[in-house]
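Sequences and hints are given; from them, build the entire structure.
So you can see what is in the structure, the chains are spelled out below.
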Amino acid sequence: MEKMKMMLVDDEERFLSTTKKLMSKKGYDVITATSGAEALEKLKYKDIHVVILDVKMPDMDGITTLKEIKKLFPLVEVIMLTGHATVESAIDGLKSGATDYLMKPADIEELIQKADEAFEKRQKMEQKIRMAQARKFMKSPREIIRETEKP
Amino acid sequence: MEQKHFKVIRKKILLNMILAPVIPFILILGIGYYYFVTSLETNAIASMKRISEDHREMIESFLTERKSDLEFIAGSYTFQELSRPKALAEVFNRLQEKSDAFTDLGIFNDAGLHVAYHGPYRLTGKIYKDTQWFQEVIKHGYYISDVFLGYRKVPHFVIAVAHEEEGNKWVIRSTIDTFRFNNLVRKVHIGKTGEAYLLNAEGMLQTERHSGGNLMDKPLDRIQYPESHRSTKSFIDKDANGVKYLYATTWMKDKKWLLVIRQEKADAFEALTSAAYLIILIAIIGGSVIVTVAFYLTNGIVERMTQMDAEKDQLGQQLIRASRLAEIGEMSTGFAHEINNPLQIMKSEQSLIEIFISELKEKGQLNQSETLVELEDSLDQIGLQINRCAKITQSILKFGRQSEPVAVDVDFKQFIPEVTAMVAKKASVNGISLKENVSEDTPLIHLDPGQLQQVLLNLFNNAIDAIIERHGSSGGKLIVESGPKENGKVEITVKDNGQGISPENLKKIFSPFFTTKPVGKGTGLGLSVCYGIVDSMGGIMDVSSEKGIGTTFTITLPAASPNPLIL
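Those protein sequences? They're chains A and B, same order as listed.
Counting in my numbering, the first sequence runs from 1 upward without gaps.
Counting in my numbering, the second sequence runs from 1001 upward without gaps.
Honestly, the hints are just simulated from the structure, not real lab data.
Since this is a predicted model, take the numbers as computed values, not measurements.
The C-beta atom is built at its ideal place from N, Cα and C for all residues, glycine as well.
Where hints are given, some of them may not hold.
[To be verified] Which stretches of chain A does chain B cover? Using the computed rule of at least three CB atoms under 8 Å from a CB of chain B, they are:
id, region
1, 7-15
2, 18-27
3, 106-120
Structure below.
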């Protein structure tokens, strides 16, 4: 079973470091980013399954970052972390492809639970993709003949 | 400052309101008066002239006739015949039959001797050779004298005609009845003071005058004479007593006598005086009407302006208050949001500490002690207080939210009990029996339940306030009912037995910022917002109330379409 790799994105560094420690204690691999741009940069080089993204950040806000992530890395599951209790920001995030949302202040257990759910979803998705790819390789003999007849 | 400003405006409006109608009004009156005066004067003068000319013709024809009478006698009889008193008397009598203007008749020879006389005086034998009249008659053939005293010492005038018979001249003379002549001349009818009289070349009265003046008197009035022989002169002048007269003067034939016709100016222009009085009266009445109306209108306008200004001020203040409220709402949501970030960190730190402590305990580095229990209790307390803060910030955020309505099909059988449950505690605390009666056949309604909840909660809270106001903490009743109405409508009624609303307040109940609560207690927005919400749902909100009995709010909403796909 593959181990979940998480990325925490928030402009509050103390939140990042403390949560990272907490997650590590619970046995999760966590990397952190302090801005949307940094998160996108890190996603390029590291295989990340779940991103926990703060909605309100300076420069590039959560929703924009979310849209970028979904554009560049469609398989990455994103959980929005909002300080705003409005239904709108949650709906906005979900519409833009977020898997779930959490309201600040959130319990670490709650956070882990949502992340686990997201990871599960991600794994199911990967499973499906693998199945589809496997089907592609399992071609019928007739197909193989047809393909070899072609110039 | 404001007051002064309105005083200036008031003054300006008033001035314009008065001047605008008064100027043309006065102008019309003035022009009318001027033309009236001119035409009246022209008419008066023209009629005066005409009368004087007619009168002159009449007097002249009278004198001419008398002269012709004498000429006829002189031609018909010889000097010898007429010298006999008996024959003369006979002729005189015949003459009198024809015209009673003659008072006597006399015959003179060329030496001026009064040969024969018939009349009331004894003049036979008197010599007239040196009298002016005799000389004139010998010279010109006839003579009409001025009024003179003569031998008889009584004012009179004579007509004399000379006749030539076989080289000898003789004269026939007759005295004209002064009384009759007077009457003839004086007989003009012009107004009350119109009169006519004759003056001789020396300005001596030849006839008596109504207004005083005996024969042969010389009145002191200044008389203007006509320029030419047959023309008439008209003028206005004061007489010796200072009374203004309108005069017309014209010369009699031979320029011997001047006919004067005059009338007191006040009499001649009597119509003018009454017209002037009438105009003054109209001006006063019209002017006062204009001034009164102007005052009335100006007061109305200024009052309205003051009122509007006050309303504007009030509205401005209300807007400021409303925008301040909105600002507070926005600020508090921002504030709550910002608080959530540190709360999140605190929560994480608290969790971390808990983990560290349990790790230390596992490793045996931390001995079980009273202090440790206290420490763990403190840590729990921190966790609890963080959650409390989180609850506060979340309720602030909910208060400040302004969300787009999300309409769903709502079943009142579930929805209304849910909402009433929210106020059930408050109601029971205040001794209010809360009843809900949702008809089984209430159809589904398509709307944002959050919004309708806001409306109902507002109505419930208002009702509870009204009930507490009237009943204190027992005896209150609040009934919520709903059921279908005709035309696919659903009705919800919220009925209380509170203090009720007065009819004048009932009219304003849905107006924004209208509140009967003390300053600072209510924004006056509640019911107007409710009204707006119900309106946006396509519904109608109505109210009926009776002071001291209770209030019923009725909301009528369209039921959800049975087939949502059609929507």
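Quick rundown of the hints versus the structure:
Remark: the region 7-15 of chain A is confirmed as covered by chain B, as 3 of its residues place a Cβ nearer than 8 Å to a Cβ of that chain, reaching the required three. Under the rule that three or more residues need a Cβ within less than 8 Å of chain B, the assignment of the region 18-27 of chain A holds, with 5 such residues. For the region 106-120 of chain A, the assignment as covered by chain B holds, since 3 residues bring a beta-carbon within under 8 Å of that chain's beta-carbons and 3 suffice.
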